[in-house]
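Hey, can you work out the whole structure from these sequences and the hints?
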Amino acid sequence: MNTSEKKKLSIISFSGDFDKLVAAFTLASGSAAVNYEVNIFFTFWGLNAIKKKKGRSFIGKGALAKTFGFLMGGVKNVPLSRFNFFGVSPKLMTFMMRKRNVATLSELIEAAIALNVNLYACEMSMHILGITKDDFIPEIKDVIGVASFLQYSEGGDRIFI
Amino acid sequence: MNTSEKKKLSIISFSGDFDKLVAAFTLASGSAAVNYEVNIFFTFWGLNAIKKKKGRSFIGKGALAKTFGFLMGGVKNVPLSRFNFFGVSPKLMTFMMRKRNVATLSELIEAAIALNVNLYACEMSMHILGITKDDFIPEIKDVIGVASFLQYSEGGDRIFI
Amino acid sequence: MNTSEKKKLSIISFSGDFDKLVAAFTLASGSAAVNYEVNIFFTFWGLNAIKKKKGRSFIGKGALAKTFGFLMGGVKNVPLSRFNFFGVSPKLMTFMMRKRNVATLSELIEAAIALNVNLYACEMSMHILGITKDDFIPEIKDVIGVASFLQYSEGGDRIFI
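Protein chains in written order, with the working numbering: chain A, 1 to 161; chain B, 1 to 161; chain C, 1 to 161.
Derived from the structure by calculation, the hints contain no laboratory data.
Among the hints, a few may not be true.
Given that identical chains are not distinguished, each listed pair holds provided it fits within a single copy or across any two copies.
Below are the BS3-like pairs computed for lysine-lysine, each with C-alpha atoms no more than 25 Å apart in a straight line [as the list claims (entries may be wrong)]: (1) 66 / 99; (2) 99 / 133; (3) 6 / 76; (4) 99 / 61.
Listed below in structure tokens is the structure:
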């Protein structure tokens, strides 16, 4: 690693489970706080974290895409990767996080944005799911493919979550 | 990272879910296309992607291994990591990928092979599951363990999918 | 990577599935065996691997935390990430590993400890789940946060499992 440049960490946020998003954003904010350049590349289920509509809606082009869009929902619908109990557990987990004074998922996302973490959306999965940049929060810097991701993340670590 | 050598990316393909295999092979082909040396090390569920028999069959030594082999199936049976609906979703997803002119999983695997991505199979998981190199497509370069994987992937990034 | 220093590999053990723990500890022991410095940072479900009580118990502060603690259980209750069949499969898998003379999960954990793999527990997830260092095996070196993890893992690869 080149020590003269800023340290860099790039996260491929694929899974979009509540607990894995908490892990991704904790790592991202924590790294940005100690002066790392941090990139998050949201792809597939991970796109849920950055949708403008936080609940369920029929976004996407075509009936199948709309159905997947509804099933996936937004950041309020992300499931726990285990013991999800039809969506009850992420709410309980948020309650536990509040009680312990730990930042919740939405606070972690806000912190990442405030700390200038670069947020990118994956062009190909958006294409498959029929969604566009307009479906995302305005803080998304760009819609990119693998080649640009490799370029932006070069010289640092790449982590798939 | 040594800039005089070719850039390198190594993927541990563990999960073997349809969507995660799409992610792994997209990253692999995309990286190989911009002149990275790419290695994929298939282990455990990931071995499904490289089985010769694309459907279900009783491969493996011993009754338990055969049962697991049947349950795991081949690349045609890989589930979606979420909303699998008894295997319907990977088919719908392939349909959506075709409709949007995005490469399907089997096309992505072919592309990776055409772009000289190095495919390796994990010795230990083959041993546990009782399967041999003959059960895989001929493009598998070698059957290796952790030490060789570390050696081949040295000087580049390692990503676990 | 600095070639004058010892090679380094750091694993974020998040998932805590039986098969993913086997993968994490195989990679850790294999790397330590060829003289890598290896760190494992246990977070969230991954904490199950290092709990003192290997079975289910009501550890944690508060009713909700206790319920999660019971559901999560210890290393004897970690599920297979697929085909878990209510916990039967990890037992079958252990049987298959024994039969093939492959190290089982508990043997892999012992090997990692014997090979001086550094084991760390994630402060924030312990806080959310209401568990303390006393709930873990004594081999846990320290309870740390993101900043310390970044520091300890610097100059080597970081892998999220």
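Alpha-carbon proximity between residue 99 and residue 61, which holds within one copy, between copies, both or neither at 25 Å: between (41 Å within a copy, 11 Å between copies)
Residue 66 and residue 99: within-copy, between-copy, both or neither at 25 Å Cα: For residue 66 and residue 99, the Cα distance is within 25 Å only across copies (14 Å; inside one copy 37 Å).
Status of residue 76 relative to residue 6 across identical chains (alpha carbons, at most 25 Å): neither (34 Å within a copy, 43 Å between copies)
Intra- versus inter-subunit Cα pairing at 25 Å for residue 99 with residue 133: between (35 Å within a copy, 20 Å between copies)
This entry does not satisfy hint 3, going by the numbered hints stated previously; all others are met.
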